[in-house]
Each structure stands twice: as structure tokens, then as C-alpha cells.
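Put chain B on the given structure of chain A with help from the hints.
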Amino acid sequence: MQLQRLSGLMRKEFLQILRDPSALGIAFAMPLFLLLLFGYGVSLDAEHVPIAVVVEHPSPLADTLIGGLDQSRYFRPVRFSDIIAARTALKEREVNGIFWLRSDFVRKALDGEGADVSVIVNGVDANTARLVESYLQQVWQIWLLQQQREQASVLTLPIGGELRIWFNPALRSRDYLVPGLIAVIMTLIGALLTALVVAREWERGTMEALMASPVTMAEIIIGKLLPYFVLGMGGMALSVAMAIGLFAVPLHGNLLVLTLASALFLLVALGMGLLISSVAKNQFVAGQIAIVVTFLPAFILSGFVFDIRSMPTIIQFITHLIGARFFVSILQSIFLAGNVWSVILPNAAALGVMAVVFLGLTLRRTRKRLD
Amino acid sequence: MDGALRFTQVSKSFGTARRKVTALAEVSFTISTGRITGLIGPDGAGKTTLMRLAACLLMPDAGTITVLGLDGKSQAQAIQSQIGYMPQRFGLYEDLTVRENLNLYADLQGLAHTERKERYDALLALTALGPFGDRRAGQLSGGMKQKLGLACALLRVPRLLLLDEPTVGVDPISRRELWAIIQGLREQGVSVLISTSYMDEAERCDDIILLHEGKVLAQGPPSAFTTPLEGRCFFVQSAELSRRLLQQRLQAEPAVLDARLETSGVRVLLAEGAAPPSVAGAEWHRVPPHFADAFFDRLHAERASPDPVVTPTIRVSPQEISKPETVLSVANLNRFFGSFHAVKDVSFTVHRGEVFGLLGANGAGKSTTFRMLCGLLPASSGVLNVAGQDLRTAPAEARRQIGYVAQKFSLYANLSVAQNLSFFASAYGLGGARRRERLAWAAEEFALAPYLAQNAGDLPLGFKQRLALAAALLHEPPILFLDEPTSGVDPLARTEFWRRINAYSAAGTTVLVTTHFMEEAEYCDHLVLMSLGEVLASGTPAEIRARAATPERPNPTMEEAFIALIEAHEATLRRSR
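These protein sequence lines are chains A and B, in that order. Using the working numbering, the letters of the first sequence correspond one by one to residues 107 to 477. Using the working numbering, the letters of the second sequence correspond one by one to residues 26 to 602.
Pulled out of the complex, with its shape left as it was, chain A reads as follows (with noise of 0.2 Å):
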């Protein structure tokens, strides 16, 4: 290891990110488009969800329990006054369900019979279609306590179940999603940039006259490694930044712990980029790995939009091998809960073996020749 040499390698790289639109592009385009795209434009809570309402023989005790819809922030009722043209809505997705109130029904309910109320939800998007038809369970719940305590007596004080979630009590998706993005937003720097530059050399024939000098094979891993290193640092550090000064994320964990996390992930992604880049010689070849084996797994396994828990037994178990599981599982703790260090420290080991075996393997496979 020769520090000039290093030096040398090391200044070339930055010259070149600092020239090439592309590297840019990927280091700090990309994550800022994702940021604001999961920021403000994906939402998975349910809100303002249109829901067509059939009240087919209007009644005060009807009026109370549709009143319920208007009040909650989740829906706004579409007022129908027939069935057939609120399934017409529904089918041309002008709606997303429909509450449906038969004409029997004051009858029933004043009877006591047992009245029926006609929840249809619109499967075609099951995440919507779920959350809308809690929400629309809830109404009907509290409605129908309202109307047991107005009935018995109207002193008593409202009792029932009270719903309190924790760690994000407002519940937004973007509290979650942002945080988790930062573990995409690193692999797409450490692995897929880190992969395509190394390939690039090759492809340029720039490799073989690196090889043809003095340098080792440590030093020319090492200069890409740090200038790569800084750069995912610096991507992490505009997500963070966005997220609580963008987005108003809260952060309760410390922000040391967050950076040490990251710079461990890190170590993870740009090994695997390396990896990558001893196997696939030519720039297509090396994205298209780095996409299907980092990129996608980051974003659909990682637990940062899916929950890992409702996964298919073998799927659970394959997260396992990815690493972006383990700092996304960091990273919504730190954000959202704190330092958990009963979190933090099994993860964090898991990503330390996994940087090692990446690592490691580069070292081994790469060797100073050409074939």
C-alpha cells in the first residue's frame, strides 16, 4: 500500500464523479427524486377515500349514521339515490365502495330484528380496499354505541374501545416510507454506481493500464471504495436532511447512531457493488445485476414498504440475505422509536458479518489479470 498511489487513485475518481453527469445523476438526482416522489406523491394511508352513499328511504336515524361518514377525515360520501347507478360509479372507479342502506332498514333496526348494512368495497386495489373497509367497520361501531348509550340513558359518559398506536400515533406512511428510503437511496449509490464505474474502466480498456503499473489490486479496491464511501455518506446525509427538514419526520433516536449505521451499510452495499463488478465486465451487464440483486430486493424485501411479517414463510427467510432488511429495521427504530438498542445491535451485527463476507470476497476474486 503506497499512499501516493492511493492518493493519485483516489483523486482521479472524485475528478471524474465530478465530471460525469451521470455519477451525479445517480448519486444525487435519483434520491432526491425518490425522496420526493414517496415524500408526496405515495401515500398509503386512506384519506378523503370517495364512498358512494344509497340511503333508499331517507329517516333521521339513517341521517345519524351517514352523518358519522361526513364527520370522518377518511371518506367523502357521494350521495347516490339508487343502487345501480352507485355500481356504475364503482365500476368506473369514481368511487372506491359503497354504503348501502335498503329501504327495511329503519324498520328492522327500530324492531330490533337486526337491520343490514351493505359495505361493497372495490378489491381491485387490495391495500385501499382493506383499510376502507375497517374504516367503514368503525363508523358502524361507533354509531352503534352512540345509539346503545342514547337508548339507555343519556347521562352515561361514552365508553368503548379506544385505539392508540404507537410510534407514529399520527400514523402517516411518510413517517415510515421516508426513513426506509435512505436504505434505497445508499444501495443505489454504494452498489449500483460503485458496480457501473468498475465496469466502465473495463470497458474503456482503462483497467488494463491500471493493472499494467505498480499499483495492487488492494489499492485500486481501496480508491474506489473511499471516494464511493463519501459519496453514499453525502447521499445519506440529503436524505436525512430532507426528511426532517422536508418532510418533518421525527427524529428520536441520536444522529450519531444513525450515521455509524449508515456507514456500516455502506461498507455492506459498496461490497456488494464491488462483487458485482469482479464478475460483470461491461456497464449493462453490471446495472442489470446491481438492479436485480440490490436495487429491487432493497425496495420490495427490505420491509421499507411491505411488511416483512406478512410475507410467505420462505420469502421471510430469504430477507435475511438482504441487507437492506437489516438497516431499514435500524433505521425506523432510530427515526420512530429511538435508540432501541435491542434493534440496533442485532441488525448492526448482521450487517457488520455481511460487510465482512462482501468484503472479503472482493479481496479474494479480484486478482491482477485479465483472464
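In short, the hints are calculated from the structure, not lab data. A portion of the hints provided could be inaccurate.
Residues from chain B shown here face chain A by an in silico Cβ test under 7 Å; the list is partial [as the list claims (entries may be wrong)]:
{"id": "1", "residue": "T73"}
{"id": "2", "residue": "R77"}
{"id": "3", "residue": "A80"}
{"id": "4", "residue": "L82"}
{"id": "5", "residue": "D86"}
{"id": "6", "residue": "A87"}
{"id": "7", "residue": "L95"}
{"id": "8", "residue": "Q105"}
{"id": "9", "residue": "P112"}
{"id": "10", "residue": "R114"}
{"id": "11", "residue": "D132"}
{"id": "12", "residue": "L266"}
{"id": "13", "residue": "Y437"}
{"id": "14", "residue": "L440"}
All values reported here derive from a predicted model rather than from experimental measurement. A virtual CB, placed ideally from N, CA and C, is assigned to each residue, including glycine.
Frame of chain A, contents of chain B only:
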């Protein structure tokens, strides 16, 4: 004495056990210290593999390599700190400036900061890159890039310099400059191993290793190759026959191994012990043999059963040829890429049955002009008329009239020869009896029948090129476009290729060809010489050579003419500035 580099029984092969490609087979040689050794051989001979082995970037399967007295297997790191190596596609960082590239390699080679200024100044002066220190390497011309690559390899004067085809695609002027630098290094005691496929460069070497299909055919000084050919080389002129006809007659003679057009006549290599045959009105002048003759002779002897020479056949009714008819005309053609003016006001006309050559170095605008003529690239301005059709208004109609062979192999490598041909037949809309007839023609004409089931990617280079030509001719186009068709092809295949092209043109096919091989220019009826997007000169080869004739050099070669014309052009540019 070990010499600078020694290979002992070195073998190297690539690929899996099932499909093994032997690059080098039991190669042994020694390179002496302080001399320029040329590694000569056609593409695929194993030159690059040999260079990489010498640079310790590959390990041999068998045999030993000794570099500067060090063992290639165990002392690779020590070797790499004493040699300079310039790969074929030199690894310059195109986003970095000339100076930043030098800085990087100075760091890598451990050049002390105190020595740098002096060394940079010397190298920038040597390569004439001084004024371009802050320019990005990607914006340099091909020749300047090669010179910068060489400068990077020379930052610390190496004891052994390995240069892998440093002059490929470089214009004649830069080529001359590169050689001046290399010859200067010999004065400093540097041993140089340089690979090249240019025959004239072989004669500048002290020693030559002739490599063919992974084997060393011969090693020795250039004179050892040419002396045995003394008395077999002739320059033939005829008052009765045109140059082209004379060449065809000579090629048909069994005593003639090779007949090439050269300046105002034909250069002939006779078979060993053969007497000059008598051809109508031919005057035979004995000339000293060149290395190219020796190379041809060796390859000819090596190839035990030469491919059957098929008389080219092509259908064009003879009365069509009689009148000189314009088939292609270009007027005031311009093309910009952003603010870069790649083709400047180019005008020319091409007549039926002509072989029309576009000549120039890399980056001269040949390929851009070509792509516009084929309708692959829209012109920024100007008139383009192909076979009576305006390319700008009726591109599809005009395109049906042309066959195009691209510079790179552009057939489907993982389809068989027959599948490729059949695909192109469909692409040109050939069906029924005509399709069967044309496919049979292609297989016979290009001797492809034994290869029909083989994957196109696995064919030898010469056959790939034949297949590409066959595919371009399936629909019997009246105009044929060939973009650098002979780059990387060995001299035997090149001779055969030109024999075909001349026969097609004699039958009425118009051929447009680009090349940077100056000697190939002699095969054209009409030439356009391009430099930096402009037409420098236009005319028959004789006219162009005559333009560069001086009292000291009354009969310049095409290369000399090219250099003289470019230098004169640059001088006028400088004056007008």
C-alpha cells in the same frame, strides 16, 4: 544474456474445455536489449495475448516468461514497476485533462513531485501536446490520444516498453510522429516490443517476430525476410492495358503470387523460380522487395490449401455500363453535432461502375458522410441524391438501391450463417424462387457452403467479412457501400476482397468505400481525401499523387501525397487565422 524479454514454450488458450480457442501455441523467442522488435501478424494471430502475457496481465497455461531477468509468474509486481505498457485501446480517462492523466500515472509510477515539471515538459514537447495540457483527453484526436497514452507510459523511462498496435486508426502524420518518438527511445537504451499490422512499419524495426495463428513463423531483422525475395519483385507497366486490367491479367497467371496496384503500375510478386510471364505490352522492372512481399509469401506458403478463388458473378446488363451515368451526387453537404461541424460543405458525384474511395484519418468525417449517404443519419443541410432518389424525400426508395457493409461486424453472431443469410433475404423482401436462387448464389459465390450451419460469431475474420458482403449483395443492389471493409484482415484476404470488388465494379455495380489504408486508395477509380470534415482533394489516384509531386519527389506514394496535402492544408489554415 537473457535479453529484455524471453518466452520459452509458452502456450495460452481461452474458453471452456468444450470450446477452447488456442491463442498461442508453444511460442519461444528472445528480445534483445535496446532494440525495437516488431510483432507482426494479422488480426487474431495472438499479438494482444502475447503483449498481455509479457505485461504479466495473463498467466501462461504452459511455459515460462522472463521479463528483464525476472520471472513472470512470481515477480509480476517487480516487473510491472519497470516496464511501460500501452494497451491497444489505451486507458486514458476521457473526463480528465491531459495534465490530470499525466498526474495520475505519475502517482501510480511513483514519480517524485520534484521531478515532475521537468519530465512533463520533456514529454509534452516530445509529443507536441504542450498547448493541450488543459484539454480533456476525450476531446483529443485519435493521434493525439495515442501520443498522450505513450507519454503516460513513458513518465518513468521504462526498461522495456510494450506497445500494442499503437498506430491503428491513426493518421499518417501522427503515425510518423509516434515512430519518431519510439526511435528516440532506442537511443536511450529502452527495449521496445511493438505490435502492428502495417507492413511498412515492420521495416522500421530492428528485429521482427512474425506471428500467425498463435505460432511464431519466423524471427529476424527485416533484411532476413526480404533478401530471399530478391529478384522476385517487379514493377510492371503496360502501354496497352489500363492498370486495373493489367492487374487482372497478372493475377490470372500461375507464376504470379500477388499483384497489387501501386502508383502508376502494378507491383508483382512472382512464385519462387518463376520467370516473368509475357503479358500484352508489359514492361517489367525489377524492384527491391518490401516486407509486405515477404509477409505475403510466408502466409501463402503457410496456407496449404488456399480457398478456391471463385470468379465473381453479378448480374448487370452490359449496355447499362456504356454511358457514364451519375448514380450518386452530393452537394454542399453539412452535418453538425451540437456546435461541432463534423462535415463541412462536401460535394462530389459518383458514376456508375466506379470504385469511389473516401480517404482520411479517424475523425476526418468519412463515416459521418457515409452514414448520411446511406440514409442512416440525416444531413444538417445539403443535397443528397442516390440512384435518382432524393434521400431527404424518398429515403426508403433510395435505400432499396444500396447494400451496406458496416465497419463493425453487424450480423447476428449467435445465428448460423444460413440463418443470417435467410434473415437478410427476408429483410430485403426476397421470396420464392428468387430467394432460393440468391441464397444459393451467396453460398457458392463466397464459398460459404461448408460453414452454413456454423454460428456467424465463430467464423474466422475473413469469412465474417465475406458473409457480411454476401448479406449486403443479396438483393442485387446497384450501389454498394463498404465502411472500412478491410481493417484487421490479413493481406491474403485483402487481396481476395479487392479482386471481388473490382469484378463487381467491372460488372456495373457502383462501389463506395472508406479506408484509412493508403495503399488501398490505389484500387479506387476516384478518390476524395478528407481531413477535419473538409474535402482536401478529389480526383483519380494518379491526379492526387501528381498534386503532391515535387522536384525532389517526382513520384510520391499515396501516403506521401496524403501527408503533403494535409500539411499544406494546415499551413493555409494557420495563415488564414
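Verification of the supplied hints:
Because the beta carbon of T73 (chain B) sits about 10 Å from the nearest beta carbon in chain A, more than 7 Å, this interface hint is broken. Residue-level restraint check for R77 (chain B) holds (minimum Cβ-Cβ distance to chain A is 6 Å; threshold 7 Å). Satisfaction of the interface hint for A80 (chain B) is found here, the shortest Cβ-Cβ separation to chain A being roughly 5 Å, below the 7 Å cut-off. Given hint, L82 (chain B) at the interface with chain A, holds; its Cβ is 5 Å from that chain's nearest Cβ, closer than 7 Å.
About 10 Å separates the beta-carbon of D86 (chain B) from the nearest beta-carbon of chain A, more than 7 Å, and the hint is not met. Among the interface hints, the one on A87 (chain B) is violated; its C-beta lies about 14 Å from the nearest C-beta in chain A, farther than the 7 Å criterion. Checking L95 (chain B) against chain A: minimum C-beta separation of about 13 Å lies over 7 Å; hint violated. Among the interface hints, the one on Q105 (chain B) holds; its C-beta lies about 5 Å from the nearest C-beta in chain A, closer than the 7 Å criterion.
For P112 (chain B), the shortest C-beta to C-beta distance to chain A is roughly 4 Å, which falls under 7 Å, so the interface hint holds. Using the Cβ-Cβ criterion of 7 Å, the hint placing R114 (chain B) at the interface with chain A is satisfied: the shortest such distance is roughly 4 Å. Against a cut-off of 7 Å between C-beta atoms, the interface hint on D132 (chain B) holds, since the closest Cβ of chain A lies about 2 Å away. Here the hint on L266 (chain B) is broken, as its CB sits about 48 Å from the closest CB of chain A, past 7 Å.
Given hint, Y437 (chain B) at the interface with chain A, is violated; its Cβ is 18 Å from that chain's nearest Cβ, farther than 7 Å. Of the supplied interface hints, the one on L440 (chain B) is violated, with its beta-carbon coming no nearer than about 21 Å to a beta-carbon of chain A, more than 7 Å.
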